[in-house]
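Two chains, two separate frames, one set of hints: put the complex together.
Spelled out, the chains give:
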Amino acid sequence: MISFSPSEEQKMVITTMKQFATDEIRKIYRDCDEEGEIPESIIEKAWEFGLIAGSIPESLGGFGSEHSAVSGALVAEELAWGDLSMAMHFLSPALTAFPILEAGTEEQKAKYLPLFCEKARKYATAALLEPRFNFDLNELATSARLDGSDYVLNGEKCYVPLAANADLMIIYASLDGDTQGFIVEKGTSGLEVGEREKNMGIKALATYKLGLKDCRVPKSNRLGGEAGCDFTRIQNYSQVALSSMAVGVAKAAHEYALEYAKQRYAWGEPIASRQAIAFMLAEQYIDIEATRPMTWEAAWELDRGMDANKDAYLTKMYADDMVMTVTDRSVQVLGGHGYIREHPVELYLRNGRGFATFDGMAIV
Amino acid sequence: MIDFEIEPQIEEARKVTRENALKHFRPIARYYDEHEHESPEDLIDTLWQDPSLGMAGAMGGGVGGIGPGMVLLAEEMTWGDAGLMLCSPGPGLGGAALMMAGTPEQLGRFMMSYGQGNPKWGCMAITEPGCGSDTSAITTTATRDGDEWVLNGEKIFASAGQRALDNEGGFVVVWASVDRSAGRAGIKSFVVPSGTPGIRVEKLEKKLGIRASDTASLILEDCRIPYDNILGNPEVVVDKAKGEGYKKVFATFDLTRPFVAAMALGVGRAALEFVQEVFDKEGIKIRYGMPRNKLTSLERDYMEMEASWKAAQMLTLRAAWMMGQMSRNDLQASMAKAKAGIAVTKVTQKAVELLGPLGYSRDSLLEKWMRDSKINDIFEGTGQVNTLIVARRILGFDREQLK
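Those protein sequences? They're chains H and D, same order as listed. Just so we're aligned, residue 0 is where the first sequence starts under numbering that gives the first Met the number 0, counting upward by one. Just so we're aligned, residue 0 is where the second sequence starts under numbering that gives the first Met the number 0, counting upward by one.
Bound conformation, chain D alone (with noise of 0.2 angstroms):
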């Protein structure tokens, strides 16, 4: 049945995910957006305690397994602060691929410690100097000797690479390819733990914003890890009607899409209830139900910013919700990030646009919420990737047949 009501349980899961992000997140949010790679202890140790607080309880879905549960709470996270939201310790995207297609031995070999001693960090290493959306391009190497593998490149972009490798009990999930002339079907994904000798953190990257989350570049130089680090099927598998080797019931991008989709609309949420508040203060209202030729020109840009705020919302929450219900939701997926990302990226741009010389000051958040949401549009695929991706799957072409 058609049902929009948020069950109690995650609605009390979102309104103390929401002190939270209020308590913890919003009063330093500006601190570390100017003190670009500097830790947040206090919060990561917070976040530790209670994990249900940070990252790992929403990618989790919280008290309602994956599920709508999965973007509430995200929203209300990044709704605080996206960067710090990010910091949090927990399994991250690297954790989200073991989900995906680790075994259960695997789970249990790189997930068990978390939750306890000393926060730890999950990240996944995809990027390269000469790719980003392009996978298929991966120079990475990853070459079997014996019962190791053996890495060889270097890593870009890596969120989160720097505590996962400097604490112990971290990994870092590396794309790499066991067979450069196999293309797409020869890059895999293997678990790299900290502390493992040939890889290292080459530097921090300086941002736009989310500055408070480290973006690491990562060098393998000869990095060897056990020959069951890898996951899903090492064979190439070529032919598609196998499905390709990396390709689980699930891919890490139908989870991971809607996630950032709910991070940018946590954002954007935030930049709205601002601007909100400032018309309140000034006694500006909203009408509602007035004729659209006699609404002012704010009201048009407020409502308009609302509707599209709404309709990525709603995207989400469905791709979200077929994946709660074991229903193949690529498609919903790619459309809820290429949605979201650009509609929060426009809502926070309009937001300081509409607040003249208070939008655009360092004196409020709303100048970093406007840089911030800008990663939405790009990581875990750009806008135009998943729109080409949704081009793709509703003619039913091939990568050749719609480059």
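Chain H with its partners taken away, still in its complex shape (with noise of 0.2 angstroms):
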């Protein structure tokens, strides 16, 4: 039965969430940004919620809550809405455990996932962008080629979050023309970490080249054993939470520019007042509100086990151009004033403009 209302339990997800974006991130994120650099505090008050450990069963160790593309859309937004750089780090783990709960051998579950659970934090990524503008992540350039009983890997990837930490990363890899994720650890051979790279927004998530120069990976540690991962379904979960994480984003830019329309006066009255910037409001809201229940369709979809590649691409496709204009429209809203770092549209612009090019850099 058609119905647009969270569970009780998902409800307390999104307050909680909500409060914790409002008094922790959002007390911080612009030094953040400005800084490059998040806080040990705030990310250990983050694993404290059991963001990852929550979807993963109790015989691995996990809360035993079953794993929700909808609950997790639904968790990106709120972290989103405080701020992008932050709810990528927090749910970067995810980008391992999630692949492995939803496409790993039983043996690649029992090994790593509960490792996932433990109180102390664990540093996980996956790297699957690659440097160049025609980046097709159907037709990687990194490529996967067996060897007796290892794949070795070759290749260049960027725009892996925290890679320099990560205990644990998925690596995607072209197998005779198929995207394919192999799971590595720390300190593979051939596994290079390179310099941070400096991005126009999310500036304060660090961000990493990785070389891969026969990069051992044993037979065992390809996703899905010898059968392989279906590829288009962990990219769905990816565009899911990239496409809530473009909500929150537009949310918090359309707060922040609609607050200031009504403050900021032009010819004795607010600016608000002027159908010519109401309506870039009133747009920004209808957007942003098509938007969201377009990720909760896509996300119920996958929980379905319904095959929802269509709908997550085109939600990502839409949430891409809405996240784009709802940030612009708001530091237009602002004019001069959203130009200067004073104020945070800019940052929102800036982050904004990244969906488009964040594949697999968020998953729920």
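Incorrect hints may have been included.
To be verified - Derived lysine-lysine pairs resembling DSSO-like cross-links, with alpha carbons at most 30 angstroms apart:
1) H:Lys110 with H:Lys218
2) D:Lys22 with D:Lys205
3) D:Lys293 with H:Lys197
4) H:Lys212 with H:Lys185
5) H:Lys309 with D:Lys293
6) H:Lys309 with D:Lys373
7) H:Lys309 with D:Lys280
8) D:Lys14 with H:Lys309
9) D:Lys402 with H:Lys261
10) D:Lys293 with H:Lys208
11) H:Lys202 with D:Lys293
12) H:Lys212 with D:Lys293
13) H:Lys44 with H:Lys110
As the list claims (entries may be wrong) - A few chain D positions that, by computed beta-carbon distances, are all more than 10 angstroms from chain H:
14) Arg17
15) Leu21
16) Glu33
17) Glu104
18) Met110
19) Thr134
20) Ala136
21) Asp165
22) Phe278
23) Leu364
In case anyone wonders, no lab produced these hints; they're calculated from the structure. Note that the Cβ used here is the ideal one computed from N, Cα and C, for glycine as well.
Following this line, the structure appears as structure tokens:
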């Protein structure tokens, strides 16, 4: 039965995340962006919510709730409303954990998933993007070749969140033309973490280039074992995560612009009293409110085990455009002030532009 | 719980509605587009025999009651044909006003004969030659004279106005002012049954699209109706805290706007499917999952059309769902209407462009759908009026703070 109402449990999660975003993330996000760093203390706090462990079965040490893309989408939106860099940071362990949970062999699950349920925080990530303009996730330049009992990976990756700290990561590579995942542990020979990247936005999140030079991964570490994984489906989880984050960023920008437009006076009245401004705000709001249930529907399809490719892809495409327009219009509402770093809308714009690029950098 | 599963009985009703649309609407859609003001009598009889196949079936939400079912069924009908769907006998928009603001006694009095006898229609008359969206400027007057109201004025753009007045049991809900000095608060709605002396059809409009639907100009000259034909509170309440007189728990628009949005969705989907069929025939595959910079222009256009359609559908379903939940949905209703009106206008216009000579030709229905869809960005409040409503609501501004 069609319903747009989150469950009671989900409502509690939303409230908790919103509170955390308001009380903690929003207090420091501007400094984090300027300094390019997120303090340890808040990373620890975020870990304590058990955002990853909550989706891992009890038998593997988790809290035993069912992994739900819908619930994940709700969390992602709230965290990204707080700050995108931090949302991506806090959820980055999922980049390894959730593909294993969804597509891993029993052996892989037993070996790796308990790590994400420990009290001590784990760094984990995934490497999908490659540094070229015509990057195509279905035709990766990074290659995997079977050699005896190992896969040998070669290529170059970029935008790998927290790679320098990661104990574990999934590296995506082309195996006979198919994109497949490989679970790679820290210190594997041939895995070279490059310099930290300098990006237009998400400046608080450390991302890295990665070099793979005859990087040898045991055969058993191919995600999903010999049968491999359905990469499209993993990608769909990622599209849901990023679309939800786009909704969160857009909402943050819109809210700021709306409040500003009510406070800022010109010709004796708030600028929001002019349709030129008011309509921008209304159109932003309509598109944000439309995108959210689109992400929910794609997530719901995933949770149902349905083919979600079309909806997840179209939603991501729509969300990419939506967040770009909304953040741009938010800067526009503030005019010259929007261009000054005293106001956060320029940050939202820089972050917003990234969504069209961020393939595979978040997952629910 | 967040859920997108359609209940089996609604899914079944949808299927039946679609089959009916294909059988009864599509084959005659072109004919009645090109023969404006002719009446599709056979179709009207069919829809009178089984009202669930026409507008009434969707308005009441069909099997599911008021809620998302309404959207899904209306979509199937206008997927068949929007103009013909609007010919559906039944209480229509006038009925919506009655449902929203009428007393049980009024509902019984005006709606009871629906389902019996000959086909009959309800109609809503708001617009006047001098006012459209600005209903506070309504000049039609209702003056009390003992046990009666006396209506005087001119109404235009009344959908099904002719059918409502020409057939026994029909009625027109007329918006009129009981006190011109009170502005909006003085506007009330009145039920004028067919056969009432003093109301007549002045002319039928010739339109860009939805030509099968009659759009009438009505003249009211000392038109007398019983006192208790007024809908809602007859008192003029100017104090905002008490609510304006004509407002009930839900305003009529909270129902009709999602409905119009759903109508837009049906036409939009027809166009999308038509384009898809041409692609299939030509062996063109839309590649979902490709990087955007590798897509063809055609793929990108088509995907953007699909995505904006989906965005409109989500807002529409949500507005209808909230209504079903008895939640205040005026903001969501306006959002759905604003979005669906423009989204489908653009979808159909783009579809004509994409198909080049095929799209522009009257050999297929696509160009007609483009003309039909435009009305959804206009009636029940233009896209701009609905955007203005959204803006006021999110800003917390009244009509003085945001004009």
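Cross-check of the supplied hints:
1. Restraint check: the Cα-Cα separation between Lys110 (chain H) and Lys218 (chain H) comes to about 15 angstroms, which is no more than 30 angstroms; the hinted pair holds.
2. For the proposed pair Lys22 (chain D) and Lys205 (chain D), the alpha carbon gap of about 27 angstroms is at most 30 angstroms, so the pair holds.
3. Among the hinted pairs, Lys293 (chain D) with Lys197 (chain H) is consistent with the structure: their alpha-carbon atoms are about 26 angstroms apart, no more than 30 angstroms.
4. Only pairs whose Cα atoms come within 30 angstroms are accepted, and Lys212 (chain H) paired with Lys185 (chain H) is accepted, the gap being roughly 15 angstroms.
5. Between Lys309 (chain H) and Lys293 (chain D) the alpha-carbon distance is near 17 angstroms, which keeps this suggested pair within the 30 angstroms criterion.
6. As the CA atoms of Lys309 (chain H) and Lys373 (chain D) are separated by approximately 28 angstroms, the hinted pair is consistent with the 30 angstroms bound.
7. Taking the CA atoms of Lys309 (chain H) and Lys280 (chain D), the gap is near 21 angstroms; set against the 30 angstroms cutoff, the hint holds.
8. At most 30 angstroms may separate the alpha-carbon atoms for a hinted pair to count; Lys14 (chain D) and Lys309 (chain H) meet this at roughly 23 angstroms.
9. At most 30 angstroms may separate the alpha-carbon atoms for a hinted pair to count; Lys402 (chain D) and Lys261 (chain H) meet this at roughly 15 angstroms.
10. Under the criterion of a C-alpha separation no larger than 30 angstroms, the hint pairing Lys293 (chain D) with Lys208 (chain H) is consistent with the structure, at around 24 angstroms.
11. For a cut-off of 30 angstroms, the pair hint linking Lys202 (chain H) to Lys293 (chain D) stands: about 28 angstroms separates their Cα positions.
12. A hinted pair counts as satisfied when its Cα atoms are at most 30 angstroms apart, and Lys212 (chain H) with Lys293 (chain D) qualifies at roughly 28 angstroms.
13. Using a Cα cut-off of 30 angstroms, the hinted pair Lys44 (chain H) and Lys110 (chain H) holds, with the two alpha carbons roughly 25 angstroms apart.
14. No Cβ of chain H approaches the Cβ of Arg17 (chain D) within 10 angstroms, the least distance being about 18 angstroms, so the stated non-interface status holds.
15. The Cβ of Leu21 (chain D) lies farther than 10 angstroms from every Cβ of chain H, with a closest approach of about 24 angstroms, so its non-interface assignment holds.
16. Glu33 (chain D), annotated as away from the interface, keeps every beta carbon of chain H farther than 10 angstroms; the closest lies near 36 angstroms.
17. No Cβ of chain H approaches the Cβ of Glu104 (chain D) within 10 angstroms, the least distance being about 34 angstroms, so the stated non-interface status holds.
18. Distance to chain H confirms Met110 (chain D) as a non-interface residue, since its nearest Cβ pair spans about 28 angstroms, more than 10 angstroms.
19. Non-interface status of Thr134 (chain D) relative to chain H is upheld: no Cβ of that chain comes within 10 angstroms, the nearest being about 19 angstroms off.
20. Listed as a non-interface residue, Ala136 (chain D) keeps its Cβ farther than 10 angstroms from every Cβ of chain H; the least gap is roughly 19 angstroms.
21. For Asp165 (chain D), the requirement that its beta carbon stay farther than 10 angstroms from each beta carbon of chain H is met, with the minimum near 39 angstroms.
22. No Cβ of chain H comes within 10 angstroms of the Cβ of Phe278 (chain D); the nearest lies about 15 angstroms off, and the non-interface call holds.
23. The non-interface label for Leu364 (chain D) is consistent with chain H: the shortest C-beta to C-beta separation is roughly 25 angstroms, beyond 10 angstroms.
Violation of the numbered hints given earlier is absent; every hint is satisfied by the structure.
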